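Q: Given next are the chains, with one letter for each unit.
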Amino acid sequence: MSAELEDQVTELLQFLYACPVGLAELSADGTIGMVNPLAVKLLLPIASDGLVTNFFQVVGSYAPELRHIITAFEAPYGTVCEGHRIFVHAGGKNGVADPLVLACTLVKLDARRFIATLTDISKQMLQERRLKQAETWFATLLDSVNDFAVVSLDRHGIINGANAAAAKQTGFNQDAMMNCPLDTLDTPENGSASYSAHEQIAIAQRDGWHLDEGWRKRPSGERYWCQRLVAARSEDDGSHPRVISGYTVVLRDVTKNGSDSVKLKEMLTTDHLTGACNRAHFFEVAERQRLRCSLQGQPLAVIAMDIDHFKQVNDGHGHATGDAALKAVAITCKALLRTNDTFARLGGEEFVVLLPSTDMAAAVKLAERLRTAIGAVSLHAGDKLLRITASFGCSVTTNPSMTLTELLAAADTLLYVAKRKGRNRVEPDNCVSGGTPGGKVTRFAVAAENQSGKVGIGICE
Amino acid sequence: MHGFAEVSLATLSSSTSDTLDHLPYGVIGLSSDGLVEIYNATESKLAGLPAERVLGGNFFNNIAQCMNNFMVAQRFLDEPEIDATIDFVLTLRMRPTPVKLRLLQSKAVAWHFILIQRTL
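First to last, the sequence lines map onto chains X and E.
Position 447 of the first sequence, counted from 1, bears residue number 447 in the numbering used here, the numbering being contiguous throughout.
Position 105 of the second sequence, counted from 1, bears residue number 566 in the numbering used here, the numbering being contiguous throughout.
Among the hints, erroneous ones may be present.
Subject to a maximum C-alpha distance of 35 Å in a straight line, what follows is the list of computed DSBU-like cross-link-like pairs (lysine-lysine) [to be verified]:
1. E/Lys568 to E/Lys506
2. X/Lys123 to E/Lys561
3. E/Lys561 to X/Lys108
Every beta carbon over 10 Å from chain X, so not counted as near; a handful from chain E, in silico [stated by the list, open to error]:
4. His483
5. Leu496
6. Lys561
Hints are computed from structural coordinates only; laboratory data are not their basis.
Nothing here was measured: the structure is a model prediction, and the numbers come from that model.
Note that the Cβ used here is the ideal one computed from N, Cα and C, for glycine as well.
So here's chain X without its partners, still in its complex pose (with noise of 0.2 Å):
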């Protein structure tokens, strides 16, 4: 042979063993002429008798009907099957490495001559299933379920709240199940094939959220066929990378009949506590409206807004009274917003309001009617009468390449300065150009009711 005809063999046989698709020549009968290393990589971990000589031998007990497809193939050339699917389960001699599915083409190029392509789709095979997964969950949410249980997980996995729905779904008193894993209330049972809470959150912290279902056991013996989608919670400030905060998990007792769809939508998009939108559903919404006003050349308005000496609430008066000033805050703004505003707790005692196609005097203006309104609220503390007060910020944008976080950072360094000053009080942004059309951004009454020296929270009689 040539020289150049030797390097022309050699280059060609240097493609064929670092090829990324397995390979391999058969005859009628499966014996294999040729073959690349890919193959007999894929090939070896379900070869029972360890030697890939033979292919309908050795992928005979997981795909027999490929000797049937090719005896079945009677054209004299041509594609017998393009992407087949071979359930190989190997599992075992190589661990989590082996390949799970194969896909395999097929081509007759004679009467005895055929070529095989095979390819590892372990991995698309996974994703189509989980995506087949949450199809089928949200398509049942429509039928055939009445009640949702919802745990809420700190982010170790420890359950720090649980609905009424939740103890009477898994037979544990709500009280309970504080501060215990989430698998103490909800054990599958021995022998099941369903995820353990452990390696569903694990999962959910990777991809976000993990659905699995299985029979469940509660303390009394009875079994229930349980749905459980574990989704994670995270600070997703559009940061890299993302931190999560805790997780929300859904139970649901399959069995039952009934439907509530809206209930488990309500459940994963707003705050436990206050009913306001939460953080995460928050950012979905803010950035497709910052989209849409971008696009349609409107202005979005963002007030940052968070209540005056909380700390001393909570301190001072309980936590439970903390919570009812939050929930009193919620109600109160939620009552004087429009239907297309967003309200949201971003965490602890801040809230954001997002108010798409309003420009800075309008944000003004609604930020002073909350402001008037949650100081009007009066919450009762034991005896006494607590008020509270909220201090505010607002930022508008009309420019489509600022970003919801640059946006939000505005309105909260603006709450700060209104903190400065003495809470209680809204700060515009007086840079802000473009509101609307002579309008140039007023203190309205600001700082004629500024009352300076008076602390946010105030006892009556």
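Take the given structure of chain X and dock chain E to it, following the hints.
A: For chain E alone, kept in the frame of chain X given last:
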């Protein structure tokens, strides 16, 4: 002393490339990160690849993907000391070829070796 079943790591690592080339079985020496540093003439002939094409390449990823598994590559990672002989099927020049592989690894020697003997 130089037979497939008897040859030691010490002998292999101290042999000249000329000596290795004259052995009747394939000799592949890999660095700790899996790069081919020794590739004898017998192996070159069996696989159809000239040594200069292989030396310095990543063996398990580009040259012998079929050995990138629990039976070969994984063992080098898991077992600090190996001297094991296994039956295997290699794709020498794309032909499935039954062979005996001898895997050799020791902390004392920088290279790990794969010896390949065609079973006739």
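Q: Now tell me if each hint is right for this structure.
A: Consistency of the hints with the structure:
| no. | hint | in the structure |
| --- | --- | --- |
| 1 | E/Lys568 to E/Lys506 | holds (30 Å) |
| 2 | X/Lys123 to E/Lys561 | holds (33 Å) |
| 3 | E/Lys561 to X/Lys108 | holds (33 Å) |
| 4 | His483 | holds (22 Å) |
| 5 | Leu496 | holds (15 Å) |
| 6 | Lys561 | holds (13 Å) |
No hint from the list above goes unmet by this structure.
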